[in-house]
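Asks: Chains as they are written, first to last, in this note's numbering: chain A, 1 to 334; chain B, 335 to 472; chain C, 473 to 1014.
Treat the hints with caution; some may be incorrect.
Restraint-style ranges between C-beta atoms, simulated for each label pair [said to hold, decoys possible]:
no.: 1; chain 1: A; residue 1: R116; chain 2: B; residue 2: R451; range: 18 to 26 angstroms
no.: 2; chain 1: C; residue 1: L621; chain 2: A; residue 2: K325; range: 48 to 56 angstroms
no.: 3; chain 1: A; residue 1: G328; chain 2: C; residue 2: L621; range: 49 to 57 angstroms
no.: 4; chain 1: A; residue 1: L141; chain 2: B; residue 2: G339; range: 20 to 28 angstroms
no.: 5; chain 1: B; residue 1: I347; chain 2: A; residue 2: F229; range: 32 to 40 angstroms
no.: 6; chain 1: B; residue 1: I360; chain 2: A; residue 2: F169; range: 34 to 42 angstroms
Here are the computed lysine to any residue pairs in the SDA-like style, where the Cα-Cα straight-line distance is at most 25 angstroms [unchecked claim]:
no.: 7; chain 1: C; residue 1: K994; chain 2: C; residue 2: E704
no.: 8; chain 1: C; residue 1: K514; chain 2: A; residue 2: V36
no.: 9; chain 1: C; residue 1: K852; chain 2: C; residue 2: E833
no.: 10; chain 1: C; residue 1: K852; chain 2: A; residue 2: P77
no.: 11; chain 1: A; residue 1: K80; chain 2: C; residue 2: K517
no.: 12; chain 1: C; residue 1: K549; chain 2: A; residue 2: M79
no.: 13; chain 1: A; residue 1: K276; chain 2: C; residue 2: D618
no.: 14; chain 1: B; residue 1: K373; chain 2: A; residue 2: E253
no.: 15; chain 1: A; residue 1: K333; chain 2: C; residue 2: A780
no.: 16; chain 1: B; residue 1: K437; chain 2: A; residue 2: G242
no.: 17; chain 1: C; residue 1: K891; chain 2: C; residue 2: P860
no.: 18; chain 1: A; residue 1: K276; chain 2: C; residue 2: I609
no.: 19; chain 1: B; residue 1: K418; chain 2: B; residue 2: R406
no.: 20; chain 1: C; residue 1: K608; chain 2: A; residue 2: W274
no.: 21; chain 1: A; residue 1: K323; chain 2: C; residue 2: A780
no.: 22; chain 1: C; residue 1: K601; chain 2: A; residue 2: P77
no.: 23; chain 1: B; residue 1: K340; chain 2: A; residue 2: M79
no.: 24; chain 1: C; residue 1: K601; chain 2: A; residue 2: P273
no.: 25; chain 1: C; residue 1: K554; chain 2: A; residue 2: M79
no.: 26; chain 1: A; residue 1: K323; chain 2: C; residue 2: A733
no.: 27; chain 1: C; residue 1: K787; chain 2: A; residue 2: V308
no.: 28; chain 1: C; residue 1: K608; chain 2: A; residue 2: H279
no.: 29; chain 1: C; residue 1: K824; chain 2: A; residue 2: M79
no.: 30; chain 1: A; residue 1: K276; chain 2: C; residue 2: T604
no.: 31; chain 1: B; residue 1: K364; chain 2: A; residue 2: V36
no.: 32; chain 1: C; residue 1: K608; chain 2: A; residue 2: E56
no.: 33; chain 1: C; residue 1: K787; chain 2: A; residue 2: H300
no.: 34; chain 1: C; residue 1: K601; chain 2: A; residue 2: F12
no.: 35; chain 1: C; residue 1: K549; chain 2: A; residue 2: H300
no.: 36; chain 1: A; residue 1: K276; chain 2: C; residue 2: G547
no.: 37; chain 1: C; residue 1: K554; chain 2: B; residue 2: I342
no.: 38; chain 1: C; residue 1: K608; chain 2: A; residue 2: A270
no.: 39; chain 1: A; residue 1: K80; chain 2: C; residue 2: I905
no.: 40; chain 1: C; residue 1: K865; chain 2: C; residue 2: E973
In short, the hints are calculated from the structure, not lab data. Ideal Cβ placement from N, Cα and C applies to all residues, glycine included.
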Amino acid sequence: MNPWYSVLISLFIVIGLVLIALIGVGSIGLNSLFGVYIPYVAFAVFIIGFIWRVVEWARAPVPFKIPTTGGQGKSLPWMKHEKLDSPFTTGQVIVRMLLEVFLFRSLFRNVKGELRGGPRLTFASSKWLWLFGILFHYSFLTIVLRHLRFFTEPVPQWVQLISSLDGFFEILVPTFFLTDAAFLLAATLLFLRRVVIPQVRYISLPNDYFPLLLILGIGISGILMRQVFHVDLEKVKELAIGLAAFSPTVPKELGSVFYVHLFLVSVLAAYIPWSKIMHAAGVFMSPTRNMANNNRAVRHINPWNYPVKVHTYEEYEDDFRAKMKEVGLPVDKE
Amino acid sequence: MYNAGKVIIGILIFLGLFTYPIWSPIVLGKAGPPPQLEKPDPAKGKVCVEATDYMRSTHMSLLNNWRDWVVRDGNRIYTGLEGKKYNMSLQNTCLDCHKSREKFCDRCHNYVNVSPRCWECHIEPEYKQQQAVAWRSK
Amino acid sequence: MSLEGLPKPENLHIDFEAPQTDWMETPTTFRSGTFSFPAAPKNIKYMGMANPREWSPTEEDWKLPDNWRQIILDGLKERLEKFRSFRLFMDICVRCGACADKCHFFLGGGDPKNMPVLRAELLRSVYRKDYTLAGKILGRMVGARDLDLKVLKEWFYYFYQCTECRRCSLYCPYGIDTAEITMIGRELLNLVGLNINWVQEPVANCFRTGNHLGIPPHGLIDMWEFCVDDIENVTGIRVDLPVNRKGAEILMVTPSGDYFADPGTYTFMGYLMLFHELGLDYTWSTYASEGGNFGLFTSHETIKRLNAKIYAEAKRLGVKWILGGECGHMWRVIHQYMDTMNGPADFLEVPKSPFTGTVFENARSSKMVHITEFTSDLIKHGKLNLDPSRNDKVIATYHDSCNTARAAGLLDEPRYVIKAVCNNFYEMPENTIREETFCCGGGAGLGNDENIEMRMRGGFPRANAVNYVRDEHGVNRLLCMCAIDRATLTALMHYWAPDVEVGGIHELVANALIMKGEDERKTDLRGEPLPGMEDMEEEEDV
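Excised from the complex, chain A in its bound form:
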């Protein structure tokens, strides 16, 4: 698919979603549809779909132990074992996984190969993708956690702490959150890299651009709501707590921008289980990362291991007995 077409179609879909929310709430007044029913359905789809996908993966066995070894395996006692990259025990696997999940360690390895005249290749460490990725995921996480202030009463201390750290520089009123900026920046950079780097542009599909643009839409609507088109936070929180307690009250007077934000979040939530965003769960189940490199020490069982047709020694000797005897090789049957 033409890359520009992919970008445009994704952009149009996101704009379309924004318009749906604006018209639905602003013109038709479907507040409870957009404030209650759609979020409920989206949340249910998210939770059930997410579990469904994980169970779907889990229903397939892991027939072979196939860790990708990234360092010296455990071998002779005096040989230095790279515990993290070639884990031998479950504990070491867990540490490898934690570093993978929380620090994107494999991505941190990234090196860029460059072709020069000659031809000659050079390699240089390239941490940009890792940096954008870390920035994106951690600001996303912080923003989600900050939103717990709408779902909890009293607001837990740690949520308050995150918010106050996030608003550390106290710029603007209301305080602009650092993670909002980081989030927009990272999502934009991830988007730009997809468009600018020819190889990445070549492999990108609409379903790569769409979630990024959708997430950007969520971020922009959120920031607009915070800094420009203010909404009554107390009402927002009433709705949020009501939703969580399954007794929602739909506030009449909440700005359209709130409904746009909520609708885009709902779409994202419902979209996640059917999209590549499932990598969040998938990374935990990746057999090349979550298995120990102790293959020769601990036997792995393949549940569907079936007998195969082999060429037995007897058949082999039958084929070659005369010749074997000729050269003095011992045979089982004379």
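Fit chains B and C to the known structure of chain A by using the hints.
Replies: Same frame as chain A, but now just chains B and C:
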């Protein structure tokens, strides 16, 4: 399902995290009700400087503008709802009606976890009174 | 090896520019030098596999069964249910592109379909169309497409342009392993008889004769005795050659490449000399005369069918444990598949070195030890009398085989051995060694003559790193512990780095090994005069 134990633990953790808003009030005690704000003395009038909805969502921008207009431009007069003129002053105008920081401002601010910086410079009247009492009793 | 048709290295055009057309629209052209010839019918037939026939990739008609599409789709479904890795890797790629410039075929050729992500998308697109709701409804919008003949031909071209080296998997944030995808891609192709002869012939040979080259037992004895003669010429010692001997303590299994052709033979001679000097109680086997396993490049079932011989022979001969020679993909199979497929090897004992008493705990279950584990343990315990100066003409660097590096973690054992037997050792630049090593360009059955351009392209990143140490340190020997490497790197060096020879580790061990009662050594195993012996050789000639 293979590795069912580990997968189920993972799913439970996922569920636990994402349904936190649902189970936390049940486990940690029911979420507190929305704050009841102390209404000003009806004698002071029934309307604020702007419409209630606007004030509820946007008072922080209004106050921020007031500060700039007063401190930077030296302008003290604000024309509010129905052309009524107000002295742009937190302590003298806002707090004239909304007497208690604790019962009005803080209740809502705490509820939605915001901590405005008004009180880093301004002193709320009730607190001022208490201080005065404390001072005299010394 | 025919390098004549190729442009000179400096003129080999590498173009990273993506085509104007979308990848789904870009047709596959079977250009001479970039693909492997199909499997001969007899080799498919012998294995009882599907659709044996004469056919050619360049012809329009591939003589497929009428229901080939259904066969592939059913096979795909079956594998989605059997391999969590496969299903997961179909689902979770975010197309971040971190893998793109990690593939040696992409770096040396620039074809975007050799970016691991796109290689996988070739299969994913079909998976999406048939197994995801979005794919069914939205089709191309979500990167889904129908399986048609064009797609199948594309699969054949690109799944036989991947050496299953796993380098991309190392950098993937989710560990998506293209080797896994290629293996299953090839399994699917095999279901309709799309295989290459350079894979299928060794498979059929190995099944029948026990080794890839199809050498019958008496032929093996000839070859091996030839090596024994050569050793006698160099050392004056006639080493033991125990074959099919019941009751030996250890069964030795090595890739047939080691005894078939230079420079592998020198490594094979190295084993013979080492074991003789030690007085090791061991045996070779003619039935299990192959460590390599081209089943790995065919299907999981074929891996098991070929690999079964090793344990079966160990059991028949009544050995205690198994020692494995220098090989790459062989060790992927031994390390990651053998015990699961053909174990448990409960009739064997936990390997223990008879000379040092070291128990190889890491091989406790599979009972098979790598020769460099065995030798490095011997050296560490001072069991070998070594004179590394005999290798002083060798300025060595070491090429990690993909599979020993990224599928076993055998990195420091070979280095320890090399450093003990060779005084001049220089590492290639980081990012090209150890777990980041580059493929030789001819693994996974692609090291055939007709595929020569792709091999030279795929081997370019490796050769490029060799060139660096050749220019910096005067490196003249590229060491490796892989039979495929020894064959393919030789051609690669010939093309990219003509002054560098290729050789195995135990060749150098044997050169340095001072054997009891040996004649004064004048030459190394290759018949080249040892340092300081050049004049003597001439004197003798006079």
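Asks: Against each hint, give a clear statement of whether it holds in the structure.
Replies: Each hint, compared with the structure:
Checked against the hint of 18 to 26 angstroms, the pair R116 of chain A and R451 of chain B fails, with Cβ atoms roughly 56 angstroms apart. Between L621 of chain C and K325 of chain A the beta carbon distance is about 52 angstroms. The supplied range of 48 to 56 angstroms therefore holds. Remark: the range hint 49 to 57 angstroms for G328 of chain A to L621 of chain C is upheld by a beta-carbon distance near 55 angstroms. L141 of chain A and G339 of chain B have their C-beta atoms about 27 angstroms apart, which keeps the hinted 20 to 28 angstroms range intact.
The hint said 32 to 40 angstroms for the Cβ distance between I347 of chain B and F229 of chain A, and at roughly 37 angstroms that hint holds. Taking the beta carbon of each, I360 of chain B and F169 of chain A are about 37 angstroms apart, inside 34 to 42 angstroms as hinted. Taken as a hint, the K994 of chain C and E704 of chain C pair is honoured in the structure, with Cα atoms around 13 angstroms apart against an allowance of 25 angstroms. With a C-alpha separation of about 68 angstroms, the suggested pair K514 of chain C and V36 of chain A falls outside the 25 angstroms cut-off, and the hint is violated.
Proximity of K852 of chain C to E833 of chain C is assessed by CA-CA distance (about 17 angstroms); at most 25 angstroms being required, the pair is judged to hold. A threshold of 25 angstroms between alpha carbons decides the hint, and for K852 of chain C with P77 of chain A the separation of about 11 angstroms falls inside it, so the pair holds. Straight-line distance between C-alpha atoms of K80 of chain A and K517 of chain C comes to about 48 angstroms, which puts the hinted pair past the 25 angstroms bound. Annotation: proposed proximity of K549 of chain C to M79 of chain A is violated, straight-line Cα distance about 44 angstroms (limit 25 angstroms).
Our distance criterion of 25 angstroms between C-alpha atoms is met by K276 of chain A and D618 of chain C, whose separation comes to about 20 angstroms. Taken as a hint, the K373 of chain B and E253 of chain A pair is honoured in the structure, with Cα atoms around 20 angstroms apart against an allowance of 25 angstroms. Restraint check for K333 of chain A and A780 of chain C: the C-alpha separation of about 21 angstroms stays at or below 25 angstroms, so the hint holds. Of the supplied pair hints, the one linking K437 of chain B and G242 of chain A holds, its CA atoms being roughly 24 angstroms apart against a limit of 25 angstroms.
A hinted pair counts as satisfied when its Cα atoms are at most 25 angstroms apart, and K891 of chain C with P860 of chain C qualifies at roughly 9 angstroms. At roughly 17 angstroms between alpha-carbon atoms, K276 of chain A and I609 of chain C fall within 25 angstroms of each other, so this suggested pair holds. At roughly 23 angstroms between alpha-carbon atoms, K418 of chain B and R406 of chain B fall within 25 angstroms of each other, so this suggested pair holds. Restraint check for K608 of chain C and W274 of chain A: satisfied, since their Cα atoms lie roughly 12 angstroms apart, inside the 25 angstroms limit.
Simply put, K323 of chain A and A780 of chain C have alpha-carbon atoms about 24 angstroms apart, close enough for the 25 angstroms limit, and the pair holds. A hinted pair counts as satisfied when its Cα atoms are at most 25 angstroms apart, and K601 of chain C with P77 of chain A does not qualify at roughly 51 angstroms. Restraint check: the Cα-Cα separation between K340 of chain B and M79 of chain A comes to about 32 angstroms, which exceeds 25 angstroms; the hinted pair is violated. For the hint pairing K601 of chain C with P273 of chain A, the CA-to-CA distance comes to about 17 angstroms; that is within 25 angstroms, so the pair holds.
With a CA separation close to 37 angstroms, the supplied pair K554 of chain C and M79 of chain A exceeds the 25 angstroms bound. Distance check on the hinted pair: K323 of chain A and A733 of chain C sit about 23 angstroms apart at the alpha-carbon level, within 25 angstroms; holds. A threshold of 25 angstroms between alpha carbons decides the hint, and for K787 of chain C with V308 of chain A the separation of about 18 angstroms falls inside it, so the pair holds. A threshold of 25 angstroms between alpha carbons decides the hint, and for K608 of chain C with H279 of chain A the separation of about 21 angstroms falls inside it, so the pair holds.
Restraint check: the Cα-Cα separation between K824 of chain C and M79 of chain A comes to about 17 angstroms, which is no more than 25 angstroms; the hinted pair holds. With a CA separation close to 12 angstroms, the supplied pair K276 of chain A and T604 of chain C stays within the 25 angstroms bound. Taking the CA atoms of K364 of chain B and V36 of chain A, the gap is near 21 angstroms; set against the 25 angstroms cutoff, the hint holds. Distance restraint check for K608 of chain C and E56 of chain A: the Cα-Cα separation of roughly 18 angstroms lies within the 25 angstroms cut-off, and the hinted pair is therefore satisfied.
A hinted pair counts as satisfied when its Cα atoms are at most 25 angstroms apart, and K787 of chain C with H300 of chain A qualifies at roughly 21 angstroms. Simply put, K601 of chain C and F12 of chain A have alpha-carbon atoms about 24 angstroms apart, close enough for the 25 angstroms limit, and the pair holds. A distance of roughly 24 angstroms separates the Cα atoms of K549 of chain C and H300 of chain A; the hinted pair therefore holds under the 25 angstroms criterion. Straight-line distance between C-alpha atoms of K276 of chain A and G547 of chain C comes to about 24 angstroms, which keeps the hinted pair within the 25 angstroms bound.
Between K554 of chain C and I342 of chain B, the direct Cα distance comes to roughly 20 angstroms. Compliance with the 25 angstroms bound is thereby established for this hinted pair. Proximity of K608 of chain C to A270 of chain A is assessed by CA-CA distance (about 18 angstroms); at most 25 angstroms being required, the pair is judged to hold. Between K80 of chain A and I905 of chain C, the direct Cα distance comes to roughly 17 angstroms. Compliance with the 25 angstroms bound is thereby established for this hinted pair. Taking the CA atoms of K865 of chain C and E973 of chain C, the gap is about 12 angstroms. The hint holds against a cut of 25 angstroms.
Of the numbered hints stated above, those contradicted by the structure are hints 1, 8, 11, 12, 22, 23, 25, listed in ascending order.
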